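**Student:** Read off the chains here:
2 protein chains.
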Amino acid sequence: MAGPAVARDRSSTRRANLSMVLRLLRDEGPRSRARIGDDTGLPKATVSHLTAELLEGGLVREGAAERDRGAVGRPGQSVEIDGRGVHGIGAEINVDYISLLALDLRGQVSAEQRIPLDVRAAGPEAVLDAVARMIAEGIEALRGAGGLVVGVTLATPGAVNMDAGTVDYASNIGWREVAAVAGLRERLGPGAPETHLENDAKLGALAEYLLVSADNVRDLVHVTGQTGVGVGIIAGGQLVRGAGGYAGEIGHLRLVPSDQPCACGRRGCWETMVGRGALLRYAADPGDMVCDPMVDLGTRLAELRDRAHAGDGRTLEALRRIGDNLAPGLALLVDILNPRLVVLGGHFAFFGEHLIDSVSAQVRELVMAPDAGGCEIVLSRLGLSGTARGGALLALDTVYQDPVRVMNLANG
Amino acid sequence: MAGPAVARDRSSTRRANLSMVLRLLRDEGPRSRARIGDDTGLPKATVSHLTAELLEGGLVREGAAERDRGAVGRPGQSVEIDGRGVHGIGAEINVDYISLLALDLRGQVSAEQRIPLDVRAAGPEAVLDAVARMIAEGIEALRGAGGLVVGVTLATPGAVNMDAGTVDYASNIGWREVAAVAGLRERLGPGAPETHLENDAKLGALAEYLLVSADNVRDLVHVTGQTGVGVGIIAGGQLVRGAGGYAGEIGHLRLVPSDQPCACGRRGCWETMVGRGALLRYAADPGDMVCDPMVDLGTRLAELRDRAHAGDGRTLEALRRIGDNLAPGLALLVDILNPRLVVLGGHFAFFGEHLIDSVSAQVRELVMAPDAGGCEIVLSRLGLSGTARGGALLALDTVYQDPVRVMNLANG
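Residue numbers (our numbering), protein chains in the order written: chain A, 1 to 412; chain B, 413 to 824.
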């Protein structure tokens with residue numbers, strides 16, 4: 001029953017109007033000033049003034065001529081999102097790598113990097129050193145090309161406190177009460193862009209959502225196979241964070257009978273049956289290169305995929321078991337959230353063609369609503385970059401929410 | 413990443429402004445025109461015009477004089493929500509009763525009724541007859557007192573298709589593919605208010621949410637003990653419906669080892685272990701009056717509560733078992749959704765003082781996040797009327813979303 005936020009004063013009305021115009025151009029595409037006026041209900045002079053501000057700030061540019069619907073006379077010049085000089089950075093800390101991805105305001109990738117790292121063994125301080133170095137290099141490269149970095153989102157597994165910027169607990173990387181944002185700020189120094197923290201699976205869900213929201217999908221669950229299992233939920237077009245940011249913590253439920261010890265200290269947690277540990281345990285012996293954490297994860301997963309494609313019995317049996325363990329958890333999420341899509345990411349996406357038919361059939365069988373409530377299970381197309389991409393998008397969203405802030409940065 | 417809706421034309425700008433002013437008065441309380449201008453950023457003349465329209469439509473009235481913050485000179489007249497003549501109706505179909513509750517725009521109860529009925533035995537046609545009669549009488553009484561009924565929300569258990577107005581399946585009342593809204597419209601005739609359909613637990617969650625939203629609670633799960641178990645989810649201040657309206661279907665998960673047959677045809681469903689059937693099976697023999705569906709449910713539950721208060725061993729043991737069966741399902745919901753509150757309704761609320769300490773302790777033990785992620789388990793204060801109240805609120809919300817529609821009705 002929530003409605004539009006109530007603007008508090010005239011300055012915030014201007015900000016709200018700039019934001020409305022910019023989001024209109026992002027969501028509905030380029031259009032003339034006259035059409036912006038029609039679409040927003042803003043007077044012609046106001047639209048003129050707002051687009052001039054956005055042009056000056058480098059967030060939009062003049063596009064092709066557009067003949068207005070039904071208009072007589074000369075066609076209007078259209079306005080479109082520009083912002084190729086405006087970047088958001090997502091930086092991810094995973095169990096065995098750190099990575100960075102930058103997007104410009106148009107959503108194009110402007111920087112990308114992945115560095116293998118045994119995060120648990122290195123410990124928080126050394127990891128933050130490495131992440132800070134990676135971010136600083138990314139910022140330097142983008143600034144060197146004349147770009148402006150408006151923000152950084154750091155992604156980690158586990159339960160994070162977004163407001164405090166701390167990782168409360170992340171058993172898979174062995175972190176507890178780590179002041180990650182403060183640690184990064186200190187290392188990046190005073191000139192660094194605004195930095196925030198969010199859980200990796202939630203950012204992955206955001207990235208997946210923006211790929212499908214144009215198809216009117218408003219409800220989505222993103223389940224990503226990593227060392228653990230991350231779940232990110234979009235309901236009614238909104239990211240579900242929960243009161244404390246802990247939403248989506250399903251990896252430690254006991255859904256499949258098992259006694260396998262978990263990093264959390266309990267036994268039989270779901271993630272010990274579908275996470276990377278289970279996959280490698282089922283598919284290979286400890287000496288196998290696919291189990292070596294110092295080899296890039298993408299390389300190792302690709303090797304396992306090659307084996308599956310070649311019909312290797314042990315690999316295929318491992319994937320069958322992962323699928324059988326995965327289905328009850330997905331069915332549970334579908335019963336509770338009734339998403340239009342369940343998007344499988346991480347290693348699930350790597351082996352999707354070997355999992356998806358069997359998993360989909362089992363979920364349809366288990367879910368109470370007919371035909372699984374209309375839910376379809378699909379594979380992420382974002383590979384291992386989804387989380388960092390979600391982080392970059394979240395950093396850029398500050399521009400859409402308040403264009404004035406970034407225009408001041410650009411001009412200041 | 414959603415923002416305010418984009419208004420499509422000047423007429424919708426006026427509607428959006430009327431809605432904004434009305435919601436401001438609802439959410440933030442009475443205030444002068446000058447302060448409405450400050451709070452909304454709307455020009456003084458526009459505020460004058462908008463409040464005049466709302467006054468004329470009977471949705472607001474002049475209130476007490478208010479001295480504006482820092483203003484010199486005579487104090488401004490404040491404006492406040494009126495709408496004592498504007499009503500929304502919620503009508504509930506439950507397993508063994510039908511009920512109605514009407515609220516006026518200020519949220520005051522303007523009509524209330526509950527009628528015992530064996531809904532499963534009666535069948536959809538006879539039930540719709542009885543519900544239509546109850547609604548028609550309610551409308552007549554309200555209209556007789558000069559009131560305007562802006563809408564009716566029908567609540568049923570089970571999976572409903574809100575857009576089509578059909579109950580897809582509701583195993584506890586034995587309904588499948590029932591065109592409930594069309595059936596009601598036909599019976600109520602052409603002059604009837606707009607009628608919609610929603611799931612009972614979702615409406616209960618809305619009613620609970622509006623009681624606590626002022627305390628900045630934005631994430632809540634409402635779990636109601638009925639014949640089955642209904643779950644309604646509010647995440648980030650929004651009702652979670654799911655893509656097909658099926659969200660919250662947790663009653664048929666197997667969470668507690670059991671072979672008890674369920675109305676859905678499976679065995680061991682969670683609701684057979686915590687629903688009314690389990691409560692009565694544990695607490696009484698079949699001949700006991702508390703098991704008689706023709707006795708008002710409130711009376712029967714009150715009898716059981718009296719027995720518990722008197723220390724009756726069988727009743728207390730029954731409640732202990734219900735609590736032990738309840739905890740794993742609540743923990744699951746808390747792990748996935750991280751709500752600030754779990755509100756227990758239906759028969760859980762009736763026996764709350766005997767359940768809540770033990771259930772809370774078990775949930776804290778089971779949930780992965782420290783201290784259950786800050787979640788508190790509380791009892792509904794709405795008794796059996798929560799669902800119908802949520803329906804009435806939803807019917808009234810159309811007024812807040814588009815005051816013009818009801819002002820036209822009132823003047824037309």
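Derived from the structure by calculation, the hints contain no laboratory data. Keep in mind the model is a prediction, meaning the values are calculated, not measured. For every residue, glycine included, the Cβ atom is placed at its ideal position computed from N, Cα and C. Keep in mind that a hint or two might mislead.
Claimed, not checked - With the C-beta cut set under 8 Å, the calculated list includes, among others, these residues of chain B facing chain A:
(1) Q489
(2) R518
(3) V521
(4) M546
Unchecked claim - Quick partial rundown of chain A residues pointing at chain B, CB under 8 Å, derived from the structure:
(5) T13
(6) G41
(7) A45
(8) H49
(9) A247
(10) L253
(11) V256
(12) G373
**Student:** Each hint needs a verdict: does it hold in this structure or not?
**Tutor:** Hint check:
{"no.": "1", "hint": "Q489", "in the structure": "21 Å, violated"}
{"no.": "2", "hint": "R518", "in the structure": "16 Å, violated"}
{"no.": "3", "hint": "V521", "in the structure": "19 Å, violated"}
{"no.": "4", "hint": "M546", "in the structure": "26 Å, violated"}
{"no.": "5", "hint": "T13", "in the structure": "4 Å, holds"}
{"no.": "6", "hint": "G41", "in the structure": "4 Å, holds"}
{"no.": "7", "hint": "A45", "in the structure": "14 Å, violated"}
{"no.": "8", "hint": "H49", "in the structure": "16 Å, violated"}
{"no.": "9", "hint": "A247", "in the structure": "4 Å, holds"}
{"no.": "10", "hint": "L253", "in the structure": "6 Å, holds"}
{"no.": "11", "hint": "V256", "in the structure": "12 Å, violated"}
{"no.": "12", "hint": "G373", "in the structure": "4 Å, holds"}
When the structure is compared with the earlier hints, violations turn up for hints 1, 2, 3, 4, 7, 8 and 11 and for no others.
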